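**Student:** Here is what each chain is made of, one letter per residue.
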Amino acid sequence: MLTLSDNEKVLIVVHKHWFVMVGPIITFAVLLFAPIIVLLVLPLITKDFNQVLVAIFTNFSLSLYVMILIIFMFLIWMDFYLDMWIITSKRIIDIEQRGLFSREISEIPLVHIQDITMDVNGVIRTFLKFGTIRLQTAGEREFAIRDIPHLYKIKDLILKYSQIERSSK
Amino acid sequence: MIFTALYALASSAVIYHLKQYTVPQYHAPGIIITFFILLSLSFWLSALYFLMQIP
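Protein sequences, first through last, are from chains A and B.
To convert, note that position 51 of the first sequence is 51 in the numbering used here; the numbers rise steadily by one, no gaps.
To convert, note that position 11 of the second sequence is 1011 in the numbering used here; the numbers rise steadily by one, no gaps.
One or more of the hints may lead you astray.
Said to hold, decoys possible - Derived lysine to aspartate or glutamate pairs resembling DMTMM-like cross-links, with alpha carbons at most 20 Å apart:
no.: 1; chain 1: A; residue 1: 16; chain 2: A; residue 2: 140
no.: 2; chain 1: B; residue 1: 1019; chain 2: A; residue 2: 94
no.: 3; chain 1: B; residue 1: 1019; chain 2: A; residue 2: 104
no.: 4; chain 1: A; residue 1: 153; chain 2: A; residue 2: 115
no.: 5; chain 1: A; residue 1: 129; chain 2: A; residue 2: 119
no.: 6; chain 1: B; residue 1: 1019; chain 2: A; residue 2: 96
no.: 7; chain 1: A; residue 1: 16; chain 2: A; residue 2: 107
no.: 8; chain 1: A; residue 1: 153; chain 2: A; residue 2: 140
no.: 9; chain 1: A; residue 1: 9; chain 2: A; residue 2: 119
no.: 10; chain 1: A; residue 1: 16; chain 2: A; residue 2: 165
no.: 11; chain 1: A; residue 1: 129; chain 2: A; residue 2: 140
no.: 12; chain 1: B; residue 1: 1019; chain 2: A; residue 2: 147
Simulated from the structure, these hints should not be mistaken for laboratory data.
Small disclaimer: the values here were computed from a predicted structure and weren't measured.
Put together the whole structure using the sequences plus the hints.
**Tutor:** This is the structure in structure tokens:
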């Protein structure tokens, strides 16, 4: 996946903060327990039907329903997990996964970084200490990674190694 | 059968992406993949069992 040049080492791999998954997890939990309402109402609707058949069909449908929920949750988690920055001693590799079979990868040489901006908005981000880092390069392109933890550590790492790269050129 | 085929296709695609694009030193995706496969298999077998019960 990653080919490093001579004297290049991976410093840190930055993933999004776990809080980003809280919304999808809550949705998953609600959808997982929603069939309970159906199960409570079902006996009233199906009292004239063969109860054994109803039970079998209900269990079959529930199994399929849970499988669908699991695969959607897995997909969402994959999208969350594969969005990352790989910061090496020479460059930043910005990887953005967009669902299945769609991926954007950008490489930013540290020597081209002109400006770093950190953005922490909101109560939750302030208390959990995660936010957005934006980089401006010499080519006036902006790269950003949203909802990541350890902002100051990452900013210091980028600044340090970008200065090392500039002084070595 | 169609459901199983589509489910297997989607699962394979996700597992492929995770195996291909995870940094080698990270083991968490491997654990989650194993957990996902076990869960999926359990519910698939359960669905198959109830399907076989339908006369």
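**Student:** Any hints from earlier that this structure breaks? Give me their numbers in increasing order, please.
**Tutor:** 1, 8, 9, 10, 11, 12
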